Structure formats: structure tokens, C-alpha cells
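K.L.:
What follows is each chain in one-letter form.
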Amino acid sequence: MTSIKQLPYEEYFLAGNGSCPGCGLTIGLRNVLKALGKNVYMVVPASCSSVVQSPFPNSSATVPLLNTPFAASAAAASGMVRALKIMGKDAVVMVWAGDGGTFDIGLATVSGAAERNEDLLYICYDNEAYMNTGGHRSSATPLGTFTGTTPTGKRENKKNVPLIMAAHGIPYVATASIAFVTDLYDKIMKAKDMKGFRYIQIYSPCTPGWLLPTEKSVESAKLAVQTGIYPLFEIEGGIFKISAPSKAYLKKEKRKPLHDYFKIQGRFKHLKEEHIKLIEQWIDQMNEEYAALDGKKIF
Amino acid sequence: MIEIKFLGRGGQGAVTAANLIVQAAFKEGKFGLAYPSFGAERRGAVLNAYARIDNKPINVHQQIYEPDVVVVLDRKVIQMTNVVEGLKENGIVIINTDKIPEDLVFNGRLFIVDATRICLDLNLVISGWPVVNTAILGALSKATDIVKIDTLVQVIQENWKGEIGKKNADACLKAYNETYEVVRVI
Amino acid sequence: MKVLIPKSKPAKGAVGKTGLWRTSKPVVNHNKCIKCVICWAFCPETTILRFEDNSVDIDYEYCKGCGVCANECPVNAIEMVED
Amino acid sequence: MSIIEDKKSLSNVKVVTANEAVALAVKCAKVDVGGAYPISPQTSIMEYLTKYIETENIPMEIVRVESEHSAMAVAMGAAAVGARAFTATASQGLLYMAEMVYWVGSSRLPVVMAITSRAMGAPWILGNEHTDVLLPREWGWMVLFPEDNQEVFDTIIQAYKLADTTLVPVVVGLDGFILSHTTMPISIPDQSIIDNFIPKNTPKPYALNTEDPFTHGNAVHSNLYLEFRHNIFKTIEDSEDLVDEIDKEWSKLTGRSYGGVIEEFLLDDAEVAVLVMGASSGDAKEAAKKVREKYGIKAGVIRLRSIRPFPVKRLSKIAQKVKAIGVFDRNMSPGLGGMIATEVKFALYDLKNRPIVQSYIGGLGGKDVKIADFENILVELKEMVDGKREVEKVKWVGLDLAAIEKFLEEV
Chain X
1 MTSIKQLPYE
11 EYFLAGNGSC
21 PGCGLTIGLR
31 NVLKALGKNV
41 YMVVPASCSS
51 VVQSPFPNSS
61 ATVPLLNTPF
71 AASAAAASGM
81 VRALKIMGKD
91 AVVMVWAGDG
101 GTFDIGLATV
111 SGAAERNEDL
121 LYICYDNEAY
131 MNTGGHRSSA
141 TPLGTFTGTT
151 PTGKRENKKN
161 VPLIMAAHGI
171 PYVATASIAF
181 VTDLYDKIMK
191 AKDMKGFRYI
201 QIYSPCTPGW
211 LLPTEKSVES
221 AKLAVQTGIY
231 PLFEIEGGIF
241 KISAPSKAYL
251 KKEKRKPLHD
261 YFKIQGRFKH
271 LKEEHIKLIE
281 QWIDQMNEEY
291 AALDGKKIF
Chain B
300 MIEIKFLGRG
310 GQGAVTAANL
320 IVQAAFKEGK
330 FGLAYPSFGA
340 ERRGAVLNAY
350 ARIDNKPINV
360 HQQIYEPDVV
370 VVLDRKVIQM
380 TNVVEGLKEN
390 GIVIINTDKI
400 PEDLVFNGRL
410 FIVDATRICL
420 DLNLVISGWP
430 VVNTAILGAL
440 SKATDIVKID
450 TLVQVIQENW
460 KGEIGKKNAD
470 ACLKAYNETY
480 EVVRVI
Chain U
486 MKVLIPKSKP
496 AKGAVGKTGL
506 WRTSKPVVNH
516 NKCIKCVICW
526 AFCPETTILR
536 FEDNSVDIDY
546 EYCKGCGVCA
556 NECPVNAIEM
566 VED
Chain S
569 MSIIEDKKSL
579 SNVKVVTANE
589 AVALAVKCAK
599 VDVGGAYPIS
609 PQTSIMEYLT
619 KYIETENIPM
629 EIVRVESEHS
639 AMAVAMGAAA
649 VGARAFTATA
659 SQGLLYMAEM
669 VYWVGSSRLP
679 VVMAITSRAM
689 GAPWILGNEH
699 TDVLLPREWG
709 WMVLFPEDNQ
719 EVFDTIIQAY
729 KLADTTLVPV
739 VVGLDGFILS
749 HTTMPISIPD
759 QSIIDNFIPK
769 NTPKPYALNT
779 EDPFTHGNAV
789 HSNLYLEFRH
799 NIFKTIEDSE
809 DLVDEIDKEW
819 SKLTGRSYGG
829 VIEEFLLDDA
839 EVAVLVMGAS
849 SGDAKEAAKK
859 VREKYGIKAG
869 VIRLRSIRPF
879 PVKRLSKIAQ
889 KVKAIGVFDR
899 NMSPGLGGMI
909 ATEVKFALYD
919 LKNRPIVQSY
929 IGGLGGKDVK
939 IADFENILVE
949 LKEMVDGKRE
959 VEKVKWVGLD
969 LAAIEKFLEE
979 V
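As given, the protein sequences belong to chains X, B, U and S, one line each in that order. For what it's worth, our numbering labels the leading residue of the first sequence as 1, then goes sequentially. For what it's worth, our numbering labels the leading residue of the second sequence as 300, then goes sequentially. For what it's worth, our numbering labels the leading residue of the third sequence as 486, then goes sequentially. For what it's worth, our numbering labels the leading residue of the fourth sequence as 569, then goes sequentially.
These aren't lab readings, by the way, just hints derived from the structure by calculation. Treat each hint with caution, since some may be false.
[Stated by the list, open to error] Distance windows between CB atoms, simulated:
hint	chain 1	residue 1	chain 2	residue 2	range
1	B	Val-481	S	Val-959	54 to 60 Å
2	S	Asp-758	X	Met-87	36 to 42 Å
3	S	Glu-977	X	Gly-134	52 to 58 Å
4	B	Tyr-364	S	Glu-977	24 to 30 Å
5	B	Glu-365	S	Leu-967	22 to 28 Å
6	S	Ala-940	B	Ile-399	34 to 40 Å
7	X	Met-87	S	Val-979	54 to 60 Å
[Unchecked claim] Dumping the calculated EDC-like pairs for lysine to aspartate or glutamate here, alpha-carbon to alpha-carbon at most 16 Å:
hint	chain 1	residue 1	chain 2	residue 2
8	S	Lys-889	S	Glu-854
9	X	Lys-38	S	Glu-839
10	U	Lys-497	X	Glu-10
11	X	Lys-195	X	Asp-119
[As the list claims (entries may be wrong)] Now the stretches of chain X that chain S is said to cover, found in silico as 3 or more residues with beta-carbon under 8 Å:
hint	segment
12	49 to 55
13	76 to 86
14	110 to 117
15	156 to 166
All of these numbers come straight from a predicted model, not from anything done at the bench. The beta carbon of each residue, even a glycine, is placed where N, CA and C say it ideally should be.
Using the sequences and the hints, build the whole thing.
P.N.:
Rendered as C-alpha cells:
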């Protein structure tokens, strides 16, 4: 496992970009690009990243980057991969999409590319809502969450896209977190050298959208793992494996109180005890299921 | 310009027949175009295809309302639609049937061939349907001078290689030989 | 006519001097710093400069003052000071 | 003129549908990547292409996507790294794809797309209509519309030339069913002619690469967006001569010319003319000949071959000669008129002695358009010129309201 000091010095996403202070996605993107290096093409659908990369005539990205409409990224990346193949160019094609572009409007496209097992790396940075529009519920938004379109809390649970993706029989699926950068880095390094469709979902806090103090973005991401609400795992060749940062928290008694995670985020402020109980039940059930799957071939 | 209307049922190959006649005509130095009735094709339902043949290039695309020749690939079609609608005075009607349709009234010449039996004998059957398109073209060649039988046989064997091409060519030839004109009193 | 293609060149400070966005700024206490580079790894802005010896410094021209570095520093070697 | 006249010189003649002609042209253009999604009447284009790839070892990647939106996204992603890209669609598929079509137009990526024209629902309808093909004329694409299968093949090749030169993508429209499913003989030129005509090493300032990385399509401030739109406007506006030149260059190589932006038929002495797109032009030409014979009316046909660029210059010249133009639109702009008639009026308004322009709408949803319909139009135009008939905002061809009212009563 890579240590923090072993992370490369090189930076591929430049300072003075358009992200909000404390932005989770840029922490993720910086470290993802450190793993991928120069020989990568980025495809970005409508998302916070459309703004974060900064406007014409400048860009904060130092790798070739193609912007696409919302639902198009996995298909555009498919075309790009095929083109590079036929032109004899060897490079990684990476989609960098938000949860709205992945879980909702882009799901058919992502599923299509996965079913064809296109040779590309699809990364969903999951900030659990449509943050670029000002914070609106997506199917990645967790139960109970306040957003601009769920003013009294979301009634439905988060969609389990990693397992949906794994059901396509693709070679690699993983969840990762910006709070565990070396785990993230290692997962990208592993996926980088694989062939076929690889899906990695990165937990990426949004400070304005989550009503989260800017300095707390990494802390909240760490708590998401420690409270068991966002377990990190890999599904490689259909075999499910809990990742090291989440290993301890499969057991309920080891988990930090959910309250610690909720109290620093304004988006959960309205929740009553009974709501939190419901969410806790869901977390317990999910972790039990994952513990049972650990080490097994599930697809 | 000669205008031909093919009436068949989905699965019998009316569209292919229209295409083949244009290919054959082209081989003989003539020009042509062929098109199917437009819409969703459903197996078993009536389906038309059309061809225009001329000594000079054709660029007319309006539908065919007054055909010179009507080719009926299936005797059931006679019950389903008025096959002689719009037929030109002294036009030609060719029907795949084992018995003469006595009640078909029109002013023209009638030719008969039992293409279905020919195809069954040769085992020219796809998904349970005798595919009579190549056989009926033999009848067309016999009944009209639009294309020669030799050209048809050649075109068929260019479209399907090997055994299947030979079977279709045989069907075409056999139908050519077995087609006869019905002497009718109007 | 010259074709106008919507393309942009990589540039530092693509949206300007984002250091001006700050309300407070991180100050590194080099005496306390243990050179773990955690602050560097988690900086959302690429504005913590990491040197060969793993000491760090801040690029104040672009640092937006989010405070993640101070929050994550395991030895409280970074202090947020009003800017 | 597009049909093969001299058969002895033809080395490679095939009797094919226009859809197969498209696929053959795409193969001959050595397209690198295509996005494929089925919709009638386009589907067989992709069937032929996949057949060539899988049975003839053609070096092309076909991505069999999950929607038309993705089919265009595939073409976009491929073109964005400098590959030659293609896709095809029709009708509802184009509507579903619309977002991507606009994006590719604004991205200046030289994609070529075939649209086999088809009407749009509701109710469900498969028949031919040109409304779909005309929509991308507002989306930053060039739009060409050939008349027969040979011209379909030739226009796909010409479209790549046009796209590579202007960095504006090109739609090649073709009449759904009336051409797409109609077999006609076409001649295929030597591969070397095509290779030289559309070389792949043209400048590609839009192509992403890792050596000189840049970002394509990122956000732009409002005060700079207008300039991008203006650039697309001017490029298309200035391409009228280019379409003519490309057609001339092609005719030098193959002996086949289509008149560039407009094919002029019997216009030298014409007093009245019908303006028409696509396969029905053949019927219109027959009609022009007939009314000359039958009534001595000096009739001609203006076949609009390029919708974008809209041939304002050439049309203005023609308008100096004729006294009345009947624009036959197989499409409509609801409540206003035919889409092309509207544009013709815009184009000719500033002329001192502009001719009568009468909008005719017909053939929607595949209703047959007959030679006799065009004869009527030409006769009516002559009556308008002679002051015996009023010009109307719109005239409908083949409209039978009594028939549908009878059905409605039954419902």
C-alpha cells in the first residue's frame, strides 16, 4: 500500500481553479491524476467539474479534456477509446462525472458502455446531489437528506450504483473516499492497468451543498467511513472485498456514532431521533450484508 | 417504361424479387429502380414491391398506380386485395397458384405457375415458408420479354453463392418451363 | 475566415488570483511541523507546496483559505489566521 | 445526369438501396468510428456497415450504443481526438439525439451524419417527410440533400470534404423509403480517387492530444459566446461557393456533377419554376417537361441541394429570371408555412424585381407526391403570373379533410 509520502509530487490540476473552498472533488481529482499521469484523456459531463476547470480561454486541467452534455460522457469516452485504438494511440480514457450524471441522467449510457465492456475508466465523484445547480436531490442522495428539492428530507434511500455496475460483469468496481487518499490512489493505480470497463465511485463532500464548514470536508469524509454509512470496497473479477479503511467498521460496536457525522453537516440538521434510528437500521443492514459478502464471488 | 407490381405476403421475398429484376435488367443494358411498400413489414401480411424498368435512366419516384405487369406471389393475396387494381389495358398478370382463379376478371393476359410446389420440391423453405421469389421471376421472364431467363439465372447465382444459389437458379428455371398462359374468354 | 474552436489552454490561476477569496489564511509553524505532508495530500487547491525534504509552504496567491490543512494536521502545526 | 449513362467506362457498378449507398460511401471514406443505433428507415445503413466490418475486415470501429444520443456522443468522442466519424438516424431518433447534434455543431467537429427522412409522431408514422432533416440547419450543421442513390453516395464523400474544410459537421439527408429502400444502380469510383479527394491529414486544430493538451468545450462567459455563434454563422454563410467548388472538383474526377448548391433544370427560359428537395425532384422534372409539351408553359425546376449553406446568391440569380417560384415543402412550420418557402422569401425579399413565391405543403408522413401534383403547381404558378390566380400564404397539396372527417365520425 502506498503511503502519503509516496504520492507523486507532480500536479496535473492547477491552483487558481474555480472550485469552492474545501471542495472534495478537487482533492479527489488531484490525487486521481497523480495516479494516472500525463497519458490520459479526460471526459467530463455537465457537473461541478464543468465550472471547477475554469472558463474559456483558460483551463486548470493540464491533460486533454473533453466536455460533454450531461448524459453523454460514457458514450463520448467510448467513441474516444475506439478512435485511439484505431489510430494506434495508447492512453487511458477517464470519465470524470458527478453522481447526477452517473446515477440518474447518465445511467443508461454508463450501463451501455459497461455492457460493451469499453476499455475505459469511469469515475463518479459522489457528492450526493446536483451540486452545480445549487444542491438538488439525486438518486445518490441518502435517506433523510435536506436538499433544494427535498426541503423536509429525502424520502428514499441512496441507489446502490456500484452493485448495479458490478452486475454488468465488468472487471473492476470500487468505492473510495477523498479522506483515504492512499487507498484511492492504489485503486486508481490498479484500475489504470486493467482492460475493460472500470468503475470507481469516490465519496466527495461538497462544502456549500452539505452546509459544511469548509475545513471539515476531509473530516466528514473520514466520518462517513467510520460510521459505516459509506463503506469502501472493491469488486474485482466479481469478488467482493471490503477495503482496509472500512474493515474495522463492518462491526457495529466499532463504528463511530452517526451523530458525529450528522452534526457537522447542515443538510442533516432537521433530522429527528426517529429518522436517525431508521437510517441507522439501514446502515446496520448494509454493513451486515457487506460483511457476509466479503471475500465472496458475487457476480 | 414498364412498371411492375409484386404482391406477396411478408416472408415470401417480394422485395428481393423486385430488386433482382432490376439487377437483371441492368445487366441487359436497361435501367431500373425497385422499392417495397413502405412501412413496418409483418410476416404473413400483404406486402407489395414495385419495379420500374426502362431503356433510359429513371428518376420518377411517385408510386405505381397503373402497372403494366402484376406478379402475385401467393394465391391467398387474391382474397386479401384487388390484385388487378389499376392494371393497364392488356396488362399481364402472373399468379403463383395450383388452380386457375376463375373469378379474377380483368382485361389482359393471365399466366399461371405453381411456384410453391416447385420450391417445396427443391426444399427452398425458410422458417417454414416456401420462398417463391426466384421461382416467380422465372415465370415473369416467360410471360414478358423484360429480362431473359439466362440473365436471371446469372443474377441469382451472383446474389447467392454455392448450393443455395444453385437451388434458387433451379427454381427459377423450372418455373420458367412450367409457366403457361391461361386462355380466357372475357 | 479563422475558425473559432471552443478550446482553452492550461493555465495556473485560470479564474484569477483565488487567494483574494480568503477570509483567513493558513500559517505553518515549521517548528511544530513533522513533515508528514498530510496537509499537502488533502489540499483541494494545489496550493500547499511540498519540497524535497517534505517541508511545506503555502502558495498564498491562490490559497482560498478553506482550512482543511489546519483541520487535518495531526500536530496542529497549521494555524488559521485572519487575513 | 447522376444516373449512370456510360456503362462501358464503369468498373464498379452495384445495384443498391440508398442506405447501402450510404454504407458503401462510409466504407470508401475510410471512416474510423461510427455510432450505431437502429431506427427505421435508417437501420440498414448500420446493418451494412457492421456486415462490411465483420465479413470484409474493414478497419472501422462501430459502437453499438444504447440510444441515438449516445450514437452522436460516440461520433463526438471519436472526432474530438481526430478520428473520422459517422452516424445515422431519423425522425424520433434525431429528436432524442438533438442535444448532442447541437453540441457537435458548436464544437466544430467534422462529423458526417446521414438522416433518412421520416415524419415524427404522434401518431406513430414511418413515412417520409423532411422536417427532421431540416432541424439541424439551426444547430450549426451544414445540410445537404441528394436526389438519387448515386448522388447519395457522392454526397457523403463530398460531405467529408466540406466538413474537413470548414470544421462544420454535415448532415446528408435522403428520402426515407423513397430512396433508402429503393434499389438503383450506382457507380463506385476507384478508391484512390476518394483517398485523394478526402485526405485524412487535413489540419485538426480541434483534436485533443496528450502532447499539447488543451480543454475542449469548457464554460465561456456571456460576453464571449456571441462571437462563437457569429463564427459558425459566417462559416456556413460563406460556404455557398465552397459547396459548388467541391461539386465541380468531384465532377472532374468522376464525371458526375449535381450543380453544387442548386441543380437548375430547364431554367434558362423558364417563366415559372417549382423549388423542391430530394427524390421528388425527378417527378417535378417530368412535370416541367409535360407542362411545356401540353400547355407551352415555360416551366423549370430548382432543385435545392444545399439547405445550409442556404444558396442565397444562386437563388437570387435564378429569381432574376423567373416570374414565379412555387416552393414545395415536404415539411412545415406550423401556422406559418413551409420551412423552405419561409427561407426563400427571406432570401429574396431585398431583390428589386422579386418573383412571386408561393408556399406549397404536401407529402407529409409519406403521402405520395405525384407528377400530376407538380403539373398543377406549375400551371397555377403560370396563372399567378398572368394575374388569373391569387397568391396565398400556403397551399396544401393532396389534402383530403373529408376523408379523415368521415373516420372521425365513425370514432
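K.L.:
Next, verify each hint and record whether it holds.
P.N.:
Evaluation of the provided hints:
Roughly 56 Å separates the CB atoms of B:Val-481 and S:Val-959, a value that falls within the hinted 54 to 60 Å. Take S:Asp-758 and X:Met-87: their Cβ atoms lie about 25 Å apart, and the range 36 to 42 Å is violated. For the pair S:Glu-977 and X:Gly-134, the supplied restraint of 52 to 58 Å holds, since their beta-carbon distance comes to about 53 Å. In this structure, B:Tyr-364 and S:Glu-977 meet the distance hint of 24 to 30 Å, their C-beta atoms being roughly 28 Å apart.
In this structure the supplied range 22 to 28 Å holds for B:Glu-365 paired with S:Leu-967, their Cβ-Cβ distance being about 23 Å. The hint said 34 to 40 Å for the Cβ distance between S:Ala-940 and B:Ile-399, and at roughly 37 Å that hint holds. The given range of 54 to 60 Å is respected by X:Met-87 and S:Val-979, whose C-beta atoms sit roughly 58 Å from each other. For the suggested pair S:Lys-889 and S:Glu-854, the alpha carbons sit about 21 Å apart, so the restraint of at most 16 Å is broken.
Annotation: proposed proximity of X:Lys-38 to S:Glu-839 is violated, straight-line Cα distance about 66 Å (limit 16 Å). Among the hinted pairs, U:Lys-497 with X:Glu-10 is consistent with the structure: their alpha-carbon atoms are about 14 Å apart, no more than 16 Å. Straight-line distance between C-alpha atoms of X:Lys-195 and X:Asp-119 comes to about 6 Å, which keeps the hinted pair within the 16 Å bound. Note: the segment 49 to 55 of chain X has 5 residues with beta-carbon separation from chain S under 8 Å; the three-residue rule is met and the coverage holds.
With a cut-off of 8 Å between beta carbons, the segment 76 to 86 of chain X has 11 residues touching chain S; three or more are needed, and the interface restraint holds. For the segment 110 to 117 of chain X, the proposed coverage by chain S is satisfied: 4 residues have a C-beta within less than 8 Å of a C-beta in that chain, meeting the threshold of three. Counting residues of the segment 156 to 166 of chain X whose CB lies closer than 8 Å to any CB of chain S gives 0, which falls below the minimum of 3, so the coverage claim is violated.
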